[in-house]
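Undergrad: Residues per chain, in single letters:
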Amino acid sequence: MTSFFQSLGMSYEAAWFTATIAGILLIALPLMLAVALIIYAERKLWAAFALRRGPNVVGPFGVLQSFADGLKVFLQETIIPSASNRGLFLIAPIITFTVALMAWAVIPFADGVVLSNINVGLLYILAISSLGVYGVVIAGWASNSKYPFYSAMRAAAQMISYEVSIGFILICIVLWAGTFNVGGIVEGQRSHIFGFINAYAFNPLLFPIAIMFLISSMAETARAPFDLTEAESELVAGYQTEYSSMAFALFWLGEYANVLLMCALNAILFWGGYLPPVDWAPLYAVPGIIWFFAKILLMFFVFAWVKATVPRYRYDQLMRLGWKVFLPISLFWVFLVSGYLMFTGHFA
Amino acid sequence: MIQLVSFYIFASIVIASAAMVIFARNPVHSVLWLIVAFFNAAGLMVLIGAEFIAMLLVIVYVGAVAVLFLFVVMMLDIDFAELRAGFVKNVPLGLLLAVVLAAELVLGIGAYQAGAVALGTPEAGAATVSAAVPNIEAIGGLLYSKYVFMFETAGLILLVAMVGAIVLTHRKSHGTRGQSISSQVQRRPEDATRNVNQPVGQGIEL
Amino acid sequence: MTDLSQYLPILLFLVVALALSSAFVFLPMGVSRLTGTYKPTEAKLAEYECGFPAFEDSRSQFDVRFYLVAILFIIFDLEAAFLFPWAVSLGETGWIGWGTMMLFLFELVIGFIYAWKVGALEWE
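Residue numbers (numbering that gives the first Met the number 0), protein chains in the order written: chain A, 0 to 347; chain B, 0 to 205; chain C, 0 to 123.
Here chain A stands alone, though its shape is the one from the complex (with noise of 0.2 Å):
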């Protein structure tokens, strides 16, 4: 893009500088529609699955119903609780909304296409993401509310728990493709099974682990049926319950950017990102980005399906399985994906 601004006569600094900027806004901005869209597309899954209509009035088929609702949102009243304190209260939704963004600045979207290609991709998703246990700490701490105190304090030791058991997945994959760099990694499953098969899920060893990364992202996301923090026969809203206009959608936003990005790494690490499922010349004509936008929308369809068929956690049964299945679990397979490598001589 550098050099399309290059030649309509820019020096080289700004013409990188514009790339970059239209860069920033082509993700950030296709986001937040996308975000739009997909809730709505969720309400009319869910809709399905309970043979109701769902959201059907605003615009054809109700597809404009989020951004009757955004608009709305828009002009409400911001209410700032006397009692809270007034600073973090409306940090906390920028912190969520900016760290739910920054995360995309590494994703690839086709080959070679993506914002910034650094060496160690993987570990600043790893990184922000961990950030994101903040803007949900401090907004029930600074609502100085009982409910969204107890929300709060839930959902980080819930996000916590489960980071352990990825980042040991998230080892697994690297040991394979010998790279922290995202598109690096997309790259190692290139004809991957057989010869043909683009994706390290249907290898026998990781599929295993793509299950477990599956079902954590959800709980990292706090998904339902990991939906503890805002189980709303018991803590209200969770920590937006002092929340109004768009301070409360932003919390929205942050949370279903945040799917979208889980989707995209199960994309990008198991079922091979911007790749077509089978090595073969005639699929590669459809562009990458398709493939990529495919394989997120149907990770989002197993998401939304999830959230409609299954009942929620209790607490204990969520901490049971984050520390006593997924994390021996993970654990154990970090030795057994090492040592097989080992001796197939991988490295070598």
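Quick caveat, the hints were computed from the structure, so don't treat them as lab data.
Glycine included, every Cβ here is placed at the ideal spot set by N, Cα and C.
Any given hint could turn out to be false.
Claimed, not checked - Pairwise CB distance ranges, derived in the manner of DEER restraints:
(1) A:A280 x B:I8: 47 to 53 Å
(2) A:L28 x B:D190: 26 to 32 Å
(3) C:L26 x B:A113: 54 to 60 Å
Here the structure of chain A is known, so what remains is to put chains B and C in place on it, guided by the hints.
TA: Just chains B and C now, with coordinates in the frame of chain A:
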């Protein structure tokens, strides 16, 4: 040019937020300023090319250690008036600690100026690494071959830390019943129910 | 050497994302003042409770178990931090590197088994 500007921005934010850690009246604000300081320190690490260390700083310090700090200061009922009352009493101790830390800093810098330190390895001298290798691989290549002993010691320290933390904080709870998932799953309808052909007009033995 | 030009977009992204989200928070506050929806009342600004004034301090003392989870998390996070460089340098360090890491993991598995047996991972 951009590097220089970013260095000064990051460095001044680190110093300013470190000062705010001390001056903030509310301990929760102190921890949040500490997080800002860590984050900008990670920025400084990126600037000198240590990208792996930068990411680790965020993952370990911001993502884990600061969460623990926040848990501690948010959940303890701290009486601020009482804390301030103890200030005068603890000033000498605090000053002593500050002097010790300053002395350690001077010592550390002095040792660094004196030359490379051999960390219990047969051949002395800092290892040289080719610049083309990403630094995460370079660290791995050294840590798991040359500095194996240090690495295993770190593992033992972690083990001690884990056991110590459990001994200090864990209390047996009474009066609560845990869930045994396996016995729940293993339970079959035959164990729990029984079919009775009930004659009319008679009671049933349970 | 690290390619710093790849990190500049991240810095710019941070600036843009912060600007976007701040705009989202502060613009509606201005808009609501202009349109007249901004009408705070005492009851509206009170903290949430089910129809009665809250009667206890919201910042109560918490279960010590949360600390334990956080401490265990730090330890396993550090363990993962040691695994990251190991995973990409196995080609260089070979069987020796693999063996050291397995010894390291074994040390931590001992700690994990201890935590399990003592019941530190229970949550009721």
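Undergrad: Now look at each hint and say whether the structure bears it out.
TA: Comparing the hints with the structure gives:
For A:A280 paired with B:I8, a C-beta distance near 49 Å keeps the hint of 47 to 53 Å intact. For A:L28 and B:D190, the hinted distance range of 26 to 32 Å is not satisfied, since their beta carbons lie about 59 Å from each other. Our hint of 54 to 60 Å for C:L26 and B:A113 holds, since their Cβ atoms are close to 58 Å apart.
Consistency note: the structure conflicts with earlier hint 2 alone.
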